[in-house]
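Colleague: Under numbering that gives the first Met the number 0, the first residue of the sequence shown is numbered 0, with each subsequent residue one higher.
Treat the hints loosely; a few may be bogus.
[As the list claims (entries may be wrong)] With a Cα cut of at most 30 Å, we get these calculated DSSO-like pairs of lysine-lysine:
| hint | residue 1 | residue 2 |
| --- | --- | --- |
| 1 | K91 | K201 |
| 2 | K309 | K367 |
| 3 | K73 | K91 |
| 4 | K126 | K91 |
| 5 | K201 | K73 |
| 6 | K137 | K91 |
| 7 | K137 | K73 |
| 8 | K137 | K126 |
| 9 | K137 | K201 |
Calculated directly from the structure, the hints in this document are not laboratory data. Nothing here was measured: the structure is a model prediction, and the numbers come from that model.
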Amino acid sequence: MKNMRKLFYIGWALVVLVAACTKVADLPFYKQGNSVVLSSNFTSVTSTLADSNRNVISFSWTNPQHGTDSSNYKYVLSIDSAGRNFSREVTKTVMGIRNTAITGRELNNILLNYGFALGRTHSLDVKVTSSYGNNNEKLESNVLRITVSPFDDPAVLVTQNTTLSPTLAVSNNPGNTFSWTRSFVGYTGDITYTLQYDSAGKNFTSPRDFAVGLNRLNVTLTNFEMNETALNDGVVGGTTGRIEYRVRAVTAQGAVSFSNTVSVLINTYVPILRFYMPGGYQSATGNGNNWDPTTAPELIRDVRPEAMNKLYYMYIYLPANSEFKVTQGRDWAINYGGSNNNLVQNGPNFSVSTAGVYRISIDRATMKFDIREGRMGFVGGATGAGWNPGASFPTYAMGHPEKNLFVGLTNL
Numbered sequence: 000m001k002n003m004r005k006l007f008y009i010g011w012a013l014v015v016l017v018a019a020c021t022k023v024a025d026l027p028f029y030k031q032g033n034s035v036v037l038s039s040n041f042t043s044v045t046s047t048l049a050d051s052n053r054n055v056i057s058f059s060w061t062n063p064q065h066g067t068d069s070s071n072y073k074y075v076l077s078i079d080s081a082g083r084n085f086s087r088e089v090t091k092t093v094m095g096i097r098n099t100a101i102t103g104r105e106l107n108n109i110l111l112n113y114g115f116a117l118g119r120t121h122s123l124d125v126k127v128t129s130s131y132g133n134n135n136e137k138l139e140s141n142v143l144r145i146t147v148s149p150f151d152d153p154a155v156l157v158t159q160n161t162t163l164s165p166t167l168a169v170s171n172n173p174g175n176t177f178s179w180t181r182s183f184v185g186y187t188g189d190i191t192y193t194l195q196y197d198s199a200g201k202n203f204t205s206p207r208d209f210a211v212g213l214n215r216l217n218v219t220l221t222n223f224e225m226n227e228t229a230l231n232d233g234v235v236g237g238t239t240g241r242i243e244y245r246v247r248a249v250t251a252q253g254a255v256s257f258s259n260t261v262s263v264l265i266n267t268y269v270p271i272l273r274f275y276m277p278g279g280y281q282s283a284t285g286n287g288n289n290w291d292p293t294t295a296p297e298l299i300r301d302v303r304p305e306a307m308n309k310l311y312y313m314y315i316y317l318p319a320n321s322e323f324k325v326t327q328g329r330d331w332a333i334n335y336g337g338s339n340n341n342l343v344q345n346g347p348n349f350s351v352s353t354a355g356v357y358r359i360s361i362d363r364a365t366m367k368f369d370i371r372e373g374r375m376g377f378v379g380g381a382t383g384a385g386w387n388p389g390a391s392f393p394t395y396a397m398g399h400p401e402k403n404l405f406v407g408l409t410n411l
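Produce the complete structure using the sequences and hints provided.
Modeller: What follows is the structure in C-alpha cells.
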C-alpha cells in the first residue's frame, strides 16, 4: 500500500513539473501612436451669405497609427480665437476618417459667438486631437493659424400693408404688422430687434426707433403708432407721406445687422395729444402719487385750430420748492423738462421756489414753456375794470381754498 501511495505522489509531481515548463504565448502589446500633422486647403477665408451651405474650408491630417482598427480612431477638431490657447474652443468630432470641412454658416456662427465684428478680418487657431474611441492616448497636432471675416446675415422684412389710412376713431386698433425672418440663422445666442423708421429717400440718416425686444420676429403697431411714425418724420397731419421701415438686429456679442427696407404710404390724421404733470407735489396736494404720470393732473388743450396739439396750460397750486415734469401720455416714454423757458425732451425738472397758484403752459411748436403766478379777475359793468380784461387780470393773485378750487378777489 505504501508503494502505491509513493507511485501516486511521484506521478502527480511529474504532471506539475511538465505543466510548469510549458511556455505561455506573449501578451498582446500596442505601440504608442504618432501625433498627426494637420493641414487645410486655405489659410484665409472671406465668405459671404451665398456661401452659407457651401464648404468654405477643409481640414485633413496624417494617420496617428494607434494600435487598433483605424475605424475606431477618434478625432476632435478644435477652433478658438488666436492666442487664447483654446480656452474657449469650439469642437467638431470625427470618427474613423482623417478629414472634415466647415460650411460658411457654421464658420460664421463660430465667429459671431466670439463677438467678431462683421466685415473685419480676425484670426483663428485650429488643431486636431487624435485618440482611441474611449479617449485613451490623446495626441495633439500642430496648430494652424487661419484668417477669417464674418459676413452679414440679415433678416428679411415684410409689411402687412403698403398703404394705410388710419383715423382718430380707430386709433387704438391694430394698424400694421411687420414680420421678419431671424437674423444670423444658426446663431444660438439672443438677438435684440428694433424697428426703425425714417422718411422715404433719406436712407435712414436720422432713424427713429421702436423697441421690439429679444428674439421677437414681428410687431404690430396701432393706427395711432403708425400715424405717429409719419408725424414724427415731418408729414403734416391730414396729408399723405411715405415712411420707410427696417429692422435692426444686435447679437448678444454686439454684431449689428439691418434688414431690407419696406415702405408704407400713410394718409395721416390729426391726433389729440394729451399731456400730464407728474412731480413731487402730487401727494401733498391730493393729485395722486408723487412722480406718477398715471395719477397726475392733465394739462388743458387749446382747441383752436391753429393751436391744436401745440398749446397746453394748467392752473395748479404748488407747495414751495416743488419739482415736476410734463409727460405726453400717462408714462415716461415722452417727457419734457427744461430751463430758461426752453422746453427740452428728457430735460431737467421744472421747479418753483415759493408756494402758490401757478399757471403752467407749454408750446410744442416753439418748444417753449412758461411758469408764472396765476392771476384772476372780473370784468363787467359792475367792476372797476369795466369790460377791459387787461385792466383786471394782471393785478390780482389767485387763492387756493381747496383742491381744484381757486378764487380771485377784487373790489366790486
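Colleague: Kindly indicate which numbered hints from before are broken by the structure, ordering the numbers from low to high.
Modeller: Numbers 1, 5 and 9 - these are the hints that the structure violates, sorted from lowest upward.
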